[in-house]
Every structure is written in structure tokens, then in C-alpha cells.
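Visitor: For reference, the chains in residue letters:
Protein chains: 4
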Amino acid sequence: MLKVKIFGACGYGGVGMIELLVRHPEADIVSLIDIENTALPISSVYPHLTGFCDLEIISPEKDNPGDGEANALFFATPDGVGMKWASRYLENGMKIVDYSGDFRFSTQEEYASYAGKIGKPSLHHAPELLERSVYGLTELNREAISGASLIGNPGCFAVATILALAPIVKARAVDIEKLICDAKTGVSGAGKKPSSAFHYPSRYENMNPYKVGMHQHAIEIENQLSIQAGADCKIILNTQVVPITRGIMVCAYAQLDENWDLDRVFDLYKDFYRNEPFVRILPLNQAPSSKDVRGSNFCLLSVHVDPDTGTCLIMGQIDNLVKGQAGSALQNMNLMHGLDETSGLYHPPMIP
Amino acid sequence: MLKVKIFGACGYGGVGMIELLVRHPEADIVSLIDIENTALPISSVYPHLTGFCDLEIISPEKDNPGDGEANALFFATPDGVGMKWASRYLENGMKIVDYSGDFRFSTQEEYASYAGKIGKPSLHHAPELLERSVYGLTELNREAISGASLIGNPGCFAVATILALAPIVKARAVDIEKLICDAKTGVSGAGKKPSSAFHYPSRYENMNPYKVGMHQHAIEIENQLSIQAGADCKIILNTQVVPITRGIMVCAYAQLDENWDLDRVFDLYKDFYRNEPFVRILPLNQAPSSKDVRGSNFCLLSVHVDPDTGTCLIMGQIDNLVKGQAGSALQNMNLMHGLDETSGLYHPPMIP
Amino acid sequence: MLKVKIFGACGYGGVGMIELLVRHPEADIVSLIDIENTALPISSVYPHLTGFCDLEIISPEKDNPGDGEANALFFATPDGVGMKWASRYLENGMKIVDYSGDFRFSTQEEYASYAGKIGKPSLHHAPELLERSVYGLTELNREAISGASLIGNPGCFAVATILALAPIVKARAVDIEKLICDAKTGVSGAGKKPSSAFHYPSRYENMNPYKVGMHQHAIEIENQLSIQAGADCKIILNTQVVPITRGIMVCAYAQLDENWDLDRVFDLYKDFYRNEPFVRILPLNQAPSSKDVRGSNFCLLSVHVDPDTGTCLIMGQIDNLVKGQAGSALQNMNLMHGLDETSGLYHPPMIP
Amino acid sequence: MLKVKIFGACGYGGVGMIELLVRHPEADIVSLIDIENTALPISSVYPHLTGFCDLEIISPEKDNPGDGEANALFFATPDGVGMKWASRYLENGMKIVDYSGDFRFSTQEEYASYAGKIGKPSLHHAPELLERSVYGLTELNREAISGASLIGNPGCFAVATILALAPIVKARAVDIEKLICDAKTGVSGAGKKPSSAFHYPSRYENMNPYKVGMHQHAIEIENQLSIQAGADCKIILNTQVVPITRGIMVCAYAQLDENWDLDRVFDLYKDFYRNEPFVRILPLNQAPSSKDVRGSNFCLLSVHVDPDTGTCLIMGQIDNLVKGQAGSALQNMNLMHGLDETSGLYHPPMIP
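Chains as they are written, first to last, in the working numbering: chain A, 21 to 372; chain V, 21 to 372; chain W, 21 to 372; chain S, 21 to 372.
One thing to keep in mind: the hints can contain errors.
Identical chains blur together in the list; that is why a pair holds if it fits in one copy or across any two.
Taking lysine to aspartate or glutamate and the DMTMM-like style, the derived pairs with C-alpha atoms no more than 20 Å apart in a straight line are [unchecked claim]:
#, residue 1, residue 2
1, LYS254, ASP277
2, LYS140, GLU111
3, LYS115, ASP83
4, LYS212, ASP99
5, LYS254, ASP195
6, LYS231, ASP328
7, LYS137, ASP328
8, LYS212, GLU151
9, LYS140, GLU129
10, LYS254, ASP328
11, LYS231, GLU163
Hint data in this document are derived by calculation from the structure and do not stem from the laboratory.
Bear in mind the structure is a predicted one, so any value in this text is a computation, not a measurement.
Extracted from the complex, chain A is given alone in its bound form:
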């Protein structure tokens, strides 16, 4: 049985986890931690949780890592929080999944390069934890995750991009030094804090690239793909925002080697993901729609090869708040505690 603390309960990532856990057959939420809204019941901040979760939000300082009440903790927090607070929970035997980039890297050097992209100090606050932390993309790292106590949950763009490219990169079927990922995200990826760019009148009927060629998720994508390939991968990640709340659609382009063709790529993908509960390869000549993953933990992929240019095109869809965040985190936590990894997660999207 999961006894869960959520650190960062009031952001979209925290609320998404609460929504999953209140329907999870083997989990209970025991504590909600945040720096905002302390001493209020979560259901006064998010009225839709009334009756499902009415716990009072407590400040980080008020929570006792040694109270023995919980065996699982999620840091649904921005960069820099998990690294400050993780050790005291680990010391008390709890297993942790952190949503941010704090534990996605194994060395201080890698972290420093990431930190530079997001304007954070290059020194990690708890470098000793980096080597025990595991990168939490379940489909590629299942075994390590099962045995881990500290997971760096992948970035939302990274989930979609890595799942889209891992098979052809691992098979070395493409030019791994010239990968392209054109990635469109819904607005919830930017969190719940209001800003001009996401003010309704500025965002409706509006799409635009942002952080062009600078998105911090590119680093973990290159890292993980390089591990798969056994050689250095290079990618340009072109992130864009569209007027959708939930969803990431990636279109990944790579130059296909001459001894590969569409059928072989298709077989590769079907085989690579054949036992995965949450990854689905669409039939040829179909393309995935974001409505077919909305609210669920699924990742849909489809493959295409353009004969004229020799380009291999992989298209993928996830719900950025589920498979791209809370869903992946829960999938990992299930594994870490010996539960079926789909527990509390295996349900269809909601249409329309």
C-alpha cells in the first residue's frame, strides 16, 4: 500500500497526482506540503477535490519526515526544491519521485549544463544523490527504477521525444547527429502561474515557437538517446505553444539509412514497444490525435518515411500532465513499491 506525501500540492503537478491517487486502489494520501495556501484544506484551493481530498496543506517545515506515516513522496515542485529536501525523506526510508530536473542527471557536470539553461546556480545542492538517482522514463529504465529509491522524473517534452526516437536511435537506423524534433505543447506545461503569454486573450487563436533551440529538455533527451545509441546523439528541439490546455505532439525527423524502409521501421517500433501497457504504435498511414490521449497515461506513436527526401518521421502524442508528468511519476512509484505499474493509471481518455 502506498502512503503518499505530495510536496508541492498546489501546482498542476500536485493536483494531477491527487486526482490520480484518489482513484488509486492501493494508495492513500497522507500529507500535502506546499509553501502556498498553508493551513487551508486543499479543497478550498481546488473546490473540485471536495470530499475526495480535504487534507490541510502544511508548510515544508511543518512536515515531519520521520513520522512513519508515508512510504512514498512526490516532489511536484520546480527545479531546486527536491534537492534541498530529499535527503531527510530518504534517510527515513521513503521512496521519492521528483518532477523537476534536480535528479535527472547522474553527474554534477551534466547537471551544471542543465542548470545553465534554466538560469540556476551550477552547483547541485545534493550532489551525492545524483549517482543514486535514476532517470524515470519507465519504458527505457524499468529495471533500474524498480530497485531505486530516488527518481528524476523526465521532462514532459523528453517523455514524448525520447519515446518517439529511442527505437530508431538504438537501432542506429538514422543519422543520430542530425535529429530534429518539432514539439508543440499545451499551455498547462507552463504551470498555473498567470503570465502575459498565457493570458486567455493573448493565447486563444495564437501559436508560437519559444525558447527556440534553447529548451532545457534537450539535454536529457540527448543524454538518454545517446545511452540508447551507444554514441553521441544531437538534436534540435523546437518547442512551440498552441492554444490547448493538455497535450504534447512531437514530430521527430531523422535521415534514414539506406538499408531501412518504412516496413522495417514499423516492425522495429512494434517490436520495441510490444509489451508496453502505455505505448501504442498506430497502424501505417494513421497519425495520432491529442484527443486520443487526453486525461490518460498513453503515448501514441506513428511512423512514416518520405521516399523523396529519405526522411523518417515519427509522430507522438501524450497528455503532458499525465504521461508527461504525474502519470509517469505514479507509474514509477508503483514499480518502486512492487505494485503493478498500471495500478491507478489504466483508464481511457475522456472524449469529447
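Given the coordinates of chain A, work out where chains V, W and S should sit on it, guided by the hints.
Guide: This is chains V, W and S only, laid out in the frame that chain A set:
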């Protein structure tokens, strides 16, 4: 003075032209032709036009090409209509811009390959008109357009993609055989006819690729870019729909030659479009937003080079119904009649 | 254990029921019936159901009411279908909930007046079933529903309007002959069939009243409120569409009697719904938001009294596809089979 | 010729005015004043204005009221700004339209009651200006506006509600003490400042009442309707937000006197507004859509009478940023300077 007939008045393309013309200082609409809503005033079909244009819609058979009332005609019609009706208007001295693919190609062979993609008979109905017709992308073809009497107005994706890629392709700064264009369109591009894919509940919060690698606009894009390059260009055009009504955003990727860098590309674009009234190159490190072209005839472009992969990325935005359709058509018609090409077109987008 | 047949599986009402039932702990779907998409698995029509429900859709003629496989049937069908097919299922001992107006009335006369509003023949096809059918607004009719075998599930506007007005009407606290309900619905209420009015480019940024003063749900609203009041109620129902997919917001206005004030109205509502699992009265000075019910079976209500005009204002929110349709239907079916009425229904909305 | 200064250039109200003026045949913008973005060209804040208006924004202190450059000034500012700065411009002979509530009232007492609703000090900063200021609803006050030098432009809800109710209230055809206005606004009415309530993920698919029974526009509505009626009018104004950017839809309900019927009401409205360039009465049995006013200065009205409850229902649509704000302001300014009041304003909405 333009005296205009609009053939296909009731579609988005026809209405878009009416909206432009009622504010045009040198144009009058004299006739609205359609196969639907005949004998009704246009303002009963589109109430927002009341008082601005209340002409009765007449059927094609009822319109008299020799009535001497008009000197300009727009075929705001789907493929196959202009080719049937154009000659009788041309014979009467009128100048024509056709929105469809009917006159975008100079030979029967090229047309046949296009026709195959859209499921039309490969034989052109008026092949003799193909050689006198001119491809209507004003920025690349201004002189020919000025002297022409029959224009094949470019497809909406083609406008954005060609404007984005023409400079680097013409400069042979990139690998012209492996061009990639990831293109997102608003829903109005599919016209006003309702369908499941564009039913509000299916389309809100939904984005998806469609016609993957099969979009018919790829042909004219390759044609025109090849003319610019003086050699065969190859492109994969990956068209996607996002929940927006107006707008096309293209992200074009190409492998940059080693003797080029970002500054040189930037200078190239600024120079290439330096006298263009409707094309604007954004400063470096900015990316265009669709809200900044909505309702206007502008095309915004920005350039970026990814040092790791050597990819040149060009991002472009147009309003698919203006610069992508009626606006370009009017820009051409202005030119054909010796008017300032910006007449009736030079106004800012509407925000928010 | 519910063994369920869904007649009309391919509409939003059918799919909504499938989505609920695949997570229902005490229900199995045994048969999907429709006149469209027969012989196809439902998951090829709705890919998001893949793995959750892959049953083949069969035609009405192919389904055997006497196969003994099911004890529950939902007619998720338009007006006129249930009345044709219900008897043969009832004869085989099945319990039925019909989504349409077919069984919302107890007499042929009432039905005829409803049928007139929707352009249907005034003669009911199975008038003998009218007297055994029960109006399925659970909160007002729980006991009768529990013992019934045939339920006319309420219309979506009716659910929200009746729940909003029942307490003050029953208490005779207002002028029951001059009730006003200003009701806004999301687009999914019109079903999945594409039409001009709900084509994305026509519907985004667009709101409008429709069927002004003519909506067919007004009849059942007046019927049910009159039963509560023990006297004839009269209401004007002004239905409007807004660019939302899911949701109904009602603002009901009534002239408050002089011996009533806000506190008394508030107490009345809290008391009236005090044991209801799905109806919630907000604290004073709050108003409900549709996001707080989206995807759930809840109805949120708030009350307000305007001292200047003496108007009592009741505001309500439901998800039209859940509490307004499939959710209410399942709530009723649970009751009819002696299950907890919240079974498979008690979960929070999804935010954002 | 209008020579215009815009005070508060960077809000939606300022930008809306700029968009109108750059196409106005008899107006030039000579100065843009704001407390934000000073020393920047407006086109760097709003890139879509590039080439149309590139004036530098100056701070209020930097602008010289006596520079003789302008004869018209718009305060496109929140409450409290115009009252501080107006006199020095008036003293220099300029004519002023203020968007806020500062000059909508003729006495300090009325202002105080308004100020209380918006949390402002009850003392007006320039009470001597109140008696010379004129309420700027053109259709009802044309003559006074023509001769005025200081206009309090009406609130957006007030424009729609007063235009909807003025005829029946003036005719005393309804119970003027029990008026109801159910009013839905798009999000732009709240301005460009980001907030939680208007963050895209919170606002999409979300509608809710706000300021229930407390909206400050109710005061001016009652004032103006009372002037029309020659007796005290009372109204409940129930304001709601829907996920639209531009648009206000009002549904006004009033108890119709027995000697009135639908035809008489319809004739009354047609007659009342028969010479108005921007107000249109729809044919019976039609209802207005917000798309038919979007981007324009029109107000569409339709009337309906419910025979059962005796309710008269008036439905109205405006674009809150045009007829509800900048458009009305310009209409007034045109009048004040002896121009045709439609100058720069008479153009159709944009569809789709």
C-alpha cells in the same frame, strides 16, 4: 478602378474577398456568383455583411461574361471550377485570379501529378490556358503577375513555406534535396463545410497531423523552390491541424552548408525581402506569433541556426485566409490593374 | 452485477456510458448496438477505448433481447428509438434507462405536446409504457426509480434547471408562474453530428441564443416543478450555446416572496440537498464554475437574492454529458439494481 | 481633422483605439501616453502595429497639454486616472473621452456610490468636472455629446444593457422595478493584466458568474434607464465570463404590461433605432450571434415575448472592445468634432 466579380462568393475565400473589397478605395463588387444560395442576398447568408454588400447571389449560368460590367474576376472556388469557366471571362477581356490549383502549373504533366494527389481527373479541362497562367506568389513573381491576365493563386501552405525557404534555397545555402517543413494550420483552411474532424467538440483541445507526406501543396512548393534554386528541390511537408481558426505557422528545417552561419542567413533574409511591404524579418532570437498576423496580409519570418546539428530553422506565420488566400489574390489583382499592390490590404492585425 | 447493453453506442451518450462502465467496479458491458459502424469494434470508431472496450457493434436487429446475457439496457438514442424497441427488452426482464424524451411523460397527451416541439408525430409508439415509466431525476424521484424497470432520463437542461429551482418552488417561496431560466450549454449537447452551427470556425469566439422560448426541455421542467409545487409552474427557458464542449450553466430568476430572505433561501437549499451525494450548495457569495464539475456527476448550486428587485437568483453548473446524461442514467441504473447509487460515479472533475 | 492623444496607450482600450485610428480617414495619432513601457515605441510592445504606429510612449509627466498638437484626447485608463489629469487638457481646449467611470456621473453623490462598488475613495478628485461631463452612450445622448468637451464613455455592460432596454423602459411597457439582465462577457473585458481567473488553462472550457449582483455597471444602467423612463428603474445585473475573447451578450428580461404584445414591442424597437447606423434589430424569431459583431461597432438586438410567463426578452450582442469601448469612444469624438459619427468606424465584422 477594379470592378469585381466573385465566383464562389459563399465560401470563406469569397467572404474574405468581400470583406477586403468593401474597404478597398479603388474597387467595387459588381457580381457575386455561386451554386449555393442563389437568388438570396449575400447578407442573408452572412448577416455581418448587411449594409456593406447586399448583392444577390446568382448562378454561374446567369452571369454574363460579356456584360462589360467588370474587369476583374476571382475564382474563390475549389479545384476544377476555374478551368471550366475561365475562358469565357478571359475572352471578354477580364483579368482573373483563381484560388485553386487549376492554374498553378504550366504544363499538363505537372497538373496531372497534382490532380492525382487530390483525386481529380488527370486531364486539365483547359490545357491551353496553362501556359499563359502565372503562379501568383507576388514576392517571387511580381513582374510576370503585373503583365498577366490569369493567375493561379498559391495554396496557403505554399505561401508560407515558399516565403520561408526561398532565400536560402536560391542562395543554395542548404541541402535542397532534404528540406523539411513542419506546418500547422488553423481550421478555416478546410473551408466552411462541416465535417467530423472539424466539429467543435472534436477539434477543441485537439491537434493532429493529416495527409502525412501527401499534401498536394508539396508539388507547387517543390516547383517554385526549384525555380529559385535552379535545381531540383525535395521537401517533406508535414501538415497538422491545431485548434485555431485563422493562421498557418511553418517551421522549415534544412541542413546548412558549412560556409554559412546565422548572421549570414539573417542578412540574406533581410536583403531578400527588404522592399517587400508584407514580409517582415524579425530580429534574431525572436519567433513570430500568429496573433501578430491575424486578419492581415503580413508574413512574419524569423531565422535560427542550431550549432550542434547544423540545422537552419526558418519560422513563418501568415493568416491563411488573408496572405494565404484572399489577400494574396487581391495583391495580385491590384498589380494586374496597375494599382498599388497594397491598396485595400495595408492594415494591421486585430489584437486581442 | 450490472450486465449492460448500450443501444446507441456510437454517440456521445453511448461513449460517455462506456467510459463510465469500464471503470465501474460492478458492471460489465456485454453488447453494443447501433445502426452505424456495425461489425466494427467500437475501438476502431473511438480509438481511445482500445483495450478497454473492443466489442463489435451490432445492429438492432442482430441483438437478441432474450439471450439472457444482460440485465440492464441504456437507450443512448435520439427520440423515437426507445419507444420502438423497449418492450422486447422489458419482456425479457431487463431494466431500461432511455436518454430521450420517449419516457419522460406519463400520458399520451403530455407526450404529444413534447413531440410537437421536436417535430415528431404526436402519437407515441408504445403508449402503454408511459404509465410504468418513471422520470429519472434521481434527487427528486429516488424511491420510484429504485422500484422501476423503465426510466425516462431527464434532458440535460432539465437536470440543471429542476435541481436549481425545485427547493424554492416546492417551498412556494417564489412566484411560480413567472420563472426565468437563462441557460448556457456547451456544444456537445448537440451531439456528434457535424453541422454549420458547430463547425469549429463558426463556433469559436461565438455565443448565441437558439430555439428562443421553444426548447423542448421546458415541458418536462414545468411538469416536474409543478409536481414539486403542487400547482402549475410556468417558466421561460432561454437556451444559449457558448464555445465550450462540456457544461451547462443555468441562472434561474424568480420573484421572491416578501417573507423570505437570503438566509432562509440558503438554509432551504442546504437542507433540501443535505444528503445528496452529487449536489452541492456553495457558500454564500460564491458562484459555481463549470471547471469544477467537468467530467464529473456533480451539480453545484449557489443562491443569491437581489434586495433592490426582490429577485432570487439560483446559479447551477453540471457537466451536460455526465450529470446531464450518462452519469444520471448510471445513477438511476445503480439504484434500480440495488447498488450504491454512486458506484462507478463518485470521482472528482479533472483540472485543468 | 482629429489630432489625437491616447492616454493609457498600452492597454486593450488604447490599442483598440490605435487600430481604429490608423485606418481613420480624418484622424492622426500625435501622442501616446502611458506609465508602462515609456521610451519604447508602441510597436515594440505590440509588434502588429509596426509600420502603422511607431510612436514612442511617453510618461504622463512628459506630455505637454499645451503643445497645441492635439485637439482630442482619450483616457483609455482605469478609474481614477482621468479625474487627475483631465483639467489641464481641457484648459488647453482639447476635447476628452474617458473610458472609465470617472465622468459617467453628474454628481459627487452618484459617483460616491459607484466608487464604493469598486473600492475607490468616495471623493471625486475633480468634482467640478462632473456637471460638465456628458454620459457617452451616443444613441441616447447624441445632441449633448455633440456639444460637449468631456465625455464619460459608458461601461461595456452598460452599452449593451441600456441599448437593449431603453426602448421598452422609455415606453414604460414593462415593470421597470424588476428588470433582469443576464450578461455574458468575453475575457478581454478584464483587461490585459494576467490573473488566475483568466489564465488560459483555467479559462478554457470554463464559464462562471462573478461579482454576483455587485457589478459596478449596474449603477449607470439604472441611472440612464431611469432618465429614459422618467422614473426609478431597478435592475439585477448578473455578469458572467465565458471563454471568448471579444463579445458581450445580454439577455434582458422584464415583465411586459398586458396591453403590449410581441408585434408592438418589435415595432417599438424598429422605430426607436430606425436611424441608428450601428444598432440593428433582427427579424422576429432570430437571435443575434457574437460572431456577427466581432471586430465591429455594431449592436444587434432581437426581441421576444414569452406568452406563458408574460416575459419580454431582449437579446443583444456587441464587441466589448469596440462598441463596448474604443468604438463608442471614437463615435463620440467624431461627433464632438463635427465629423460624421461613423467615420473610421463603419466596417463589417471579420468572419470566420
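Visitor: Hint by hint, which ones does the structure fall short of?
Guide: Checked against the structure, the hints that fail are numbers 2, 8 and 11, while the rest are satisfied.
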